[in-house]
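Heads up: the protein sequence lines correspond to chains A and B, in order.
Residues in the first sequence are numbered from -13 upward in steps of one, following the numbering used here.
Residues in the second sequence are numbered from 7 upward in steps of one, following the numbering used here.
Simulated from the structure, these hints should not be mistaken for laboratory data.
Beta carbons are placed, not taken as given, at the ideal position from N, Cα and C, and that holds for glycine.
Mixed in with the good hints, there may be bad ones.
[Claimed, not checked] Below are the BS3-like pairs computed for lysine-lysine, each with C-alpha atoms no more than 27 Å apart in a straight line: (1) A:Lys143 / B:Lys9; (2) A:Lys200 / B:Lys9; (3) B:Lys14 / A:Lys227; (4) B:Lys242 / A:Lys(-5); (5) B:Lys436 / B:Lys364.
[Stated by the list, open to error] So these bits of chain A aren't anywhere near chain B, every CB distance computed over 12 Å: (6) Ser102; (7) Val179; (8) Val184.
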Amino acid sequence: MEVIVNGLKAHAATGSRDLNADEPAVILVHGAGLDRTVWQLQTRNIAYMGRRAYAVDLPGHGRSKGKALNSIEEMADWIPAFMDAAGIDKAKLIGHSMGSFVTLEAAERYPDRVESLCLMGISDSMPVHPDLLAAAERNERLAPELIIYWGLGEKAKVGGHPHPGLWVHNASQILFENAADGVLFNDLAACNVYTGAVAAAGNVKCETLFILGKDDMMTPARKASPLADAMGNAKTTVIEKCGHMMLLERPNQVHDALKGFV
Amino acid sequence: MVKPNFAKFDTLALHAGQQPDPTTGARAVPIYQTTSYVFDDTDHAASLYNLERPGHIYTRLSNPTTAVLEERVAALEGGVGAVATASGMAALFLAVATLMDKGGHIVASGSLYGGSHNLFTYTLPRFGIETTFVNPRDPQAFKDAIRPETRLVFGETLGNPGIEVMNLPVIAEIAHEAGVPLMIDATFTTPYLINVFDYGVDIAMHSLTKFMGGHGTAIGGVVVDSGRFDWEASGKFPTLTEPYAGYHGLDFAEEFGTQAFVMRARAEGMKDFGACLSPTNAFYILQGIETLPLRMQKHVANAEAVAEFLDGCDEVAWVNYPSLKSHPDHELAKDLLPKGAGSILSFGIQGGREAGRKFIESVNLASHLANIGDAKTLVIHPGSTTHQQMSPADLESAGIGEGMIRLSVGIEDVADIIADLKQALRVSQKG
Chain A
-13 MEVIVNGLKA HAATGSRDLN ADEPAVILVH GAGLDRTVWQ LQTRNIAYMG
37 RRAYAVDLPG HGRSKGKALN SIEEMADWIP AFMDAAGIDK AKLIGHSMGS
87 FVTLEAAERY PDRVESLCLM GISDSMPVHP DLLAAAERNE RLAPELIIYW
137 GLGEKAKVGG HPHPGLWVHN ASQILFENAA DGVLFNDLAA CNVYTGAVAA
187 AGNVKCETLF ILGKDDMMTP ARKASPLADA MGNAKTTVIE KCGHMMLLER
237 PNQVHDALKG FV
Chain B
7 MVKPNFAKFD TLALHAGQQP DPTTGARAVP IYQTTSYVFD DTDHAASLYN
57 LERPGHIYTR LSNPTTAVLE ERVAALEGGV GAVATASGMA ALFLAVATLM
107 DKGGHIVASG SLYGGSHNLF TYTLPRFGIE TTFVNPRDPQ AFKDAIRPET
157 RLVFGETLGN PGIEVMNLPV IAEIAHEAGV PLMIDATFTT PYLINVFDYG
207 VDIAMHSLTK FMGGHGTAIG GVVVDSGRFD WEASGKFPTL TEPYAGYHGL
257 DFAEEFGTQA FVMRARAEGM KDFGACLSPT NAFYILQGIE TLPLRMQKHV
307 ANAEAVAEFL DGCDEVAWVN YPSLKSHPDH ELAKDLLPKG AGSILSFGIQ
357 GGREAGRKFI ESVNLASHLA NIGDAKTLVI HPGSTTHQQM SPADLESAGI
407 GEGMIRLSVG IEDVADIIAD LKQALRVSQK G
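Bound conformation, chain A alone:
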């Protein structure tokens, strides 16, 4: 589906299911340099649970027009603008990696628009390795390679994926490579400088679920604790033998964790 947000075309996958205004809305926000299709093993499932699923392409990503937004705060402000354009009053927000910062910040800024929050692959901060940042700035293939190297759990690097025939290593790599030049760097830089996560978590009052990968080297599970502690009543699910790219790596475990939330 497409809507106009701030004068620009914004795109979201809906699981290829017709949207029903009477059903609860769920908005899924992707990570740095990615797009809606990183949720390919979740969107359709959530939609067919009887939800309005919107796996958005942030501006400058996937099929959404415009330049990539420069900061987590700007991206967070885009979420209610998208909701306005899509006719969504209130939604459950699910974010992964950079998208988890975006949804966390949005939940703090717009509490009346956020019913509940699911934060996946998140930590209290996301300092980006200088070599990765430099490679992304030069639009080098090395940048996605480093993300895959650090981002996939050891199990996923070997394979044996539940989705028959899917080689998750390359599926992830190509997804990053598809981003327009500069987008991955923009997003990583935004993550690198964002320092508001713990403060935002302290102000979020809605129901929150953390889904973390036990073997996540990019956002280690233990580094989500300050956020959960700041919230007080958040729930946490840690997926075993799983890295940062949990959506693609361990879709069935993500499904189980999300079932009650959605």
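Given chain A, put chain B in place with the hints provided.
Same frame as chain A, now just chain B:
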């Protein structure tokens, strides 16, 4: 500077796609000889059928043993995913049927495996799909043959049996300028000798029966998706970019992005056409892939020695093998195939068809049969067997003369192979 340390080709050939069996701890890939899989509950069943969740339903669609093979080939090829099929021909048909409807058009190299040539020439036209064949060495001919309704450019890394080296980067650029994908049959080279996706190819296919399996024990095929072709931007592939009523309006590119092609191929093609690989054959082929790097090294080394030998024989009129300096594509082969140009070569015997007949009937170690890529040396006369359905004009345009012999050099001791060829050549020249 940090550098990622991913598993290399030889390691992937042994491990990719498999975790030790969680129930039994079995290290080898188990043969899941089952037709179907128990669902957790009705919701689980419904979600699998509706492509909401990953998993197995019925072995025609997917199977755990076959899935290891698919993932392993995708890993070796550098693709996002793969679908294994009952044969290489099934893989080719699956790809064509996934990409186009009646009215579609293909531009193909004229130097193809006879079965592929037959499919394009005689069978697909019955379904409204036409093919224009062009000289694989003439990129301009590919460009000139592309029409508004063209949906695929197709060729082989090494032509069969002409052993022409396809100029992949150039042909890929021509295809992409026209908004269509380049699909390559890489059976002759395997991903060990060339990763075709590194040269702009969008879809790869293999007859797994050949070098990948490598032991002449199982028929199989596979189609691999590079994930790099932008179906939406092309605008020519409604099967991938428009709602599909077969799955309640599922738009494959919208939902699955880089895996749109391989998802549709499985969801529609395996479901409706049903050319699935048996799990036991998948197992046999996996055993072969475990030693693919070692075998390909020996295949290439032996083929180079045999080509040099034949090139020096008075009984041999010509030898067609890209590693020879006399081959028209020698320089291109050095660029694209630095590890070697495979182990298929063709040659002509002095004395034409009759001498060829005597040669084939005189070999002892080499086996006269319709296959290539076995660990054992194989020999055939294409004009009367694999390519016999082709018209004389098509044979000529494919460079298949009456006296052409195709040799698939095996991994026996090369001295034994050469000794066998030497005695058969001697017999071929006797009155």
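| request: Mind checking the alpha carbons of B:Lys242 and A:Lys(-5) for me, to see if they're no more than 27 Å apart? | output: It holds: about 22 Å lies between the C-alpha atoms, which stays within 27 Å.
| task | Report holds if the minimum CB distance from A:Val179 to chain B is greater than 12 Å, and violated otherwise. | result | Fine: 21 Å to the nearest Cβ keeps A:Val179 off the interface.
| message | What's the verdict on B:Lys14 and A:Lys227, does the C-alpha distance respect the 27 Å limit or exceed it? | response | 22 Å, holds
| query | Is it true that the CA of A:Lys143 sits at most 27 Å from the CA of B:Lys9? | reply | 16 Å, holds
| task | Could you grab the alpha-carbon distance between A:Lys200 and B:Lys9 and see if it respects the 27 Å cut-off? | result | 23 Å, holds
| Holds or violated: B:Lys436 with B:Lys364, Cα cutoff 27 Å? | 9 Å, holds
| request: Grab the minimum beta-carbon distance between A:Ser102 and chain B and tell me whether it stays above 12 Å. | output: At about 21 Å from chain B, A:Ser102 clears the 12 Å cut-off, so the statement holds.
| field | Least C-beta distance from A:Val184 to chain B larger than 12 Å | value | Per Cβ check, A:Val184 is outside 12 Å of chain B; nearest 28 Å; holds.
Figure legend: structure checked against the earlier numbered hints; every hint is met.
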